[in-house]
Amino acid sequence: MSAEHFFQYLVTGLYQGSIYALVGLGFTMIYAVTQIINFAQGEFVMLGGMLSFTLINSAKLPMPLAIILSVIATAIIGGIMYLLAIRTAKKASIVSLIIVTIGVSIFIRGIASEIWGIEPVHTPAFSSGAPILFWGAHIQRQELWIIGTTVVATILLHLFLRYTMIGKALKACSVNPEAAGLVGINAKSMALIAFFIAAILGSIGGVVLAPVLPISYETGVGLALRGFIAASIGGFQSPIITVVGGVLLGIVESIAIGVSWGPFSSAYKDVIALLVLLAILLIRSGKLASEERAS
Amino acid sequence: MLGKLKNKLVPSNKHDPSVEKPTAQRHSPISITQLKIGKISIRWTYIAVAMLLTFFILAPFSWFLGKYNFVMISMGINTIVIVGLCLLMGYTGQVSLGQAAYFGIGAYFSGYLSKSYDVNPWLAMLIAAIATGAFAYIIGYPIFKLRGNYLAMATLAIGLIMVTFFKQWDVYTDHAEGLSGIPFLSIGGFAFNTPFRRYFLVWAFCLFILLISQNIVRSRTGRALRAIHGNEAAAESIGINVTQFKVKVFVLSAVYASLAGSLFAHHMPSIGPQPFDFLASVKLVVMAVIGGLASIWGAIFGAGTITILSEDLLVRLTQLAPVAYGLILVIVMIFMPQGVFVALKSSAKWLQVNWINLPAIMNRKRKEFPSQMKNRMIRLVPARLWRKSEP
Chain W
20 MSAEHFFQYL
30 VTGLYQGSIY
40 ALVGLGFTMI
50 YAVTQIINFA
60 QGEFVMLGGM
70 LSFTLINSAK
80 LPMPLAIILS
90 VIATAIIGGI
100 MYLLAIRTAK
110 KASIVSLIIV
120 TIGVSIFIRG
130 IASEIWGIEP
140 VHTPAFSSGA
150 PILFWGAHIQ
160 RQELWIIGTT
170 VVATILLHLF
180 LRYTMIGKAL
190 KACSVNPEAA
200 GLVGINAKSM
210 ALIAFFIAAI
220 LGSIGGVVLA
230 PVLPISYETG
240 VGLALRGFIA
250 ASIGGFQSPI
260 ITVVGGVLLG
270 IVESIAIGVS
280 WGPFSSAYKD
290 VIALLVLLAI
300 LLIRSGKLAS
310 EERAS
Chain C
4 MLGKLKNKLV
14 PSNKHDPSVE
24 KPTAQRHSPI
34 SITQLKIGKI
44 SIRWTYIAVA
54 MLLTFFILAP
64 FSWFLGKYNF
74 VMISMGINTI
84 VIVGLCLLMG
94 YTGQVSLGQA
104 AYFGIGAYFS
114 GYLSKSYDVN
124 PWLAMLIAAI
134 ATGAFAYIIG
144 YPIFKLRGNY
154 LAMATLAIGL
164 IMVTFFKQWD
174 VYTDHAEGLS
184 GIPFLSIGGF
194 AFNTPFRRYF
204 LVWAFCLFIL
214 LISQNIVRSR
224 TGRALRAIHG
234 NEAAAESIGI
244 NVTQFKVKVF
254 VLSAVYASLA
264 GSLFAHHMPS
274 IGPQPFDFLA
284 SVKLVVMAVI
294 GGLASIWGAI
304 FGAGTITILS
314 EDLLVRLTQL
324 APVAYGLILV
334 IVMIFMPQGV
344 FVALKSSAKW
354 LQVNWINLPA
364 IMNRKRKEFP
374 SQMKNRMIRL
384 VPARLWRKSE
394 P
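From first to last, the protein sequence lines are chains W and C.
Counting the first sequence from 1 gives a position; the working numbering is that position plus 19.
Counting the second sequence from 1 gives a position; the working numbering is that position plus 3.
Isolated chain W, as found in the complex (with noise of 0.2 Å):
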């Protein structure tokens, strides 16, 4: 692999690895408040660039209008999961709370191949233009937008999980939900806005997304896993290192298959993300066992 190869291949990690920094906050914002994994993390992404795209496409609205009406519809539909789903099942047990979520995901997944259709879509880039030469590596300008946009989400995140009253109320949450509850924190309504964040986040990463990749129903199946794998290298605590652990899993991904040796091709993509995902659960399988045992 020549090193134009290898910048190519980095540099599309580094847009991958974005992408799933995104679900992965999703998935790390929700845990942290309400200890439930969300199996329907990337079901949002999906909504995001399927609502873009008819936006877009279909009603012909201007591009910025198009990405902020689809975000937040995807809030809101986060938002009515929230509530008619998990709200109703609270008390459920860690099995029944994962089926919901799966049931969820599936459930909107299905009305999403009936609105849509089962054919991939894709929306016009941000803004147009020859790809930039780079070290012999092509990059497209929507590139640049999927990991400009991340690396601001990420930062608006932090802020405001640290300066503002609500992001503080967050944070009290997931640190000792009682004590939250003593200082006059409601926890239902904490979770509803962690639901909210979820959705905004994937949604941002759908919208940006859809112009490079096109979106299909069942893009939020790959998506959430890899989310996962980024939410689970950060502990479902630490948002900055879901972001690294992200963008790292981008990279070797795309490295890994780039390489591809022997009978190892592209096929295997997804194994390359499922062995990283059990590795990590391994390593980490002690200090997840004492934790769940303290919550």
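Keep in mind the hints are simulated off the structure, nothing from the lab.
Misleading hints may appear alongside valid ones.
[To be verified] Straight-line C-alpha distance at most 25 Å; calculated SDA-like pairs for lysine to any residue: (1) 148/C with 177/W; (2) 170/C with 215/W; (3) 288/W with 339/C; (4) 368/C with 107/W; (5) 207/W with 214/C.
[To be verified] According to the in silico footprint, chain W covers these stretches of chain C (three or more CB under 8 Å from chain W): (6) 121-131; (7) 147-158; (8) 241-247.
Note that the coordinates shown come from a computational prediction; the quantities given were computed from them, not determined experimentally.
Don't be surprised by glycine CBs; every beta carbon is placed ideally from N, CA and C.
Starting from the structure of chain W, add chain C where the hints point.
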């Protein structure tokens, strides 16, 4: 917090189907547990079992439900997998979202060995079961260090990895349309080459596995499994080797899935990776949930409901099938967390106890119903919104 503690201290029989509540009316002159004809009294349970058996024996004949033999066979095959899943998820409280992978390993192993290497199908089935069991044993020890969500994710990951391998296997062995021409099972010269014959084969297997599993549940092992479900630390403190039991029951469920997979391979004209993918795993979980996770016999109910729905009704609405699965999953989990079959059974038991007072209870319920319904609706709406509207 206190409530949580209290729940842990007080042993609950909620998840325990084998502990029967004493039915108050059993010895009273009017009882609905028994049917009385003159001096002979027969328990309704036996009548139900006899009717069910008659139904299953008569079902494959062409003058009854003969044309649905394929549906009935896949129902039997699914039941075998789900019994294993019930033991793992319902009794031991562990999650597996990759059960279709073990089903697939059984099917591919058995099909490939008996087709390409002319191994006797029965031997191939045995080899497949042993291989799947060994695989489950090897991955079991590291996997079961994990709990809850992480365990679910790990089993899901293994399931997805296996699906990729199945797909690649088809590509490398030039079976783009899957493996076809797998020989049928046979005893002596008697080949199970018609759906009618395979029906009895599959359901004989199914009955055998149901009975074995029932014995396991009622044995020392079964009590150990339920203890692990209740509280792992407590189970460990009374000398139960938690990890070992978890791995054992996981291996057992994988072997069940593998046997079902072998039956599937020797039953279908060809097999491809599609029946073993993620959606198939989810479908198996749905069946187990509908049947009631902690109920061995509920497996038939769950498998029956979803198989009939997916093969007969939903084929016409192929696109909407996932929507229906998702909806059924969410609704059942919210309103009947122990499963539909268990809910039906417990309401039947409640009726047995309370049926004399039924009019009075119904009257009271009717008075309470509006306020209960209002409470339930209010739970969906944020508190601030409805408090304002009330005086």
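Verification of the hints:
1. 148/C with 177/W: The given pair, whose Cα atoms are some 33 Å apart, is violated under the 25 Å limit.
2. 170/C with 215/W: violated (37 Å)
3. 288/W with 339/C: Judged against 25 Å, a Cα distance of about 39 Å means the pair is violated.
4. 368/C with 107/W: holds (22 Å)
5. 207/W with 214/C: violated (46 Å)
6. 121-131: Since three or more residues must qualify, the claim that chain W covers the region 121-131 of chain C is violated, with 0 doing so at under 8 Å.
7. 147-158: holds (count 9)
8. 241-247: Not satisfied, violated; 0 residues make the cut.
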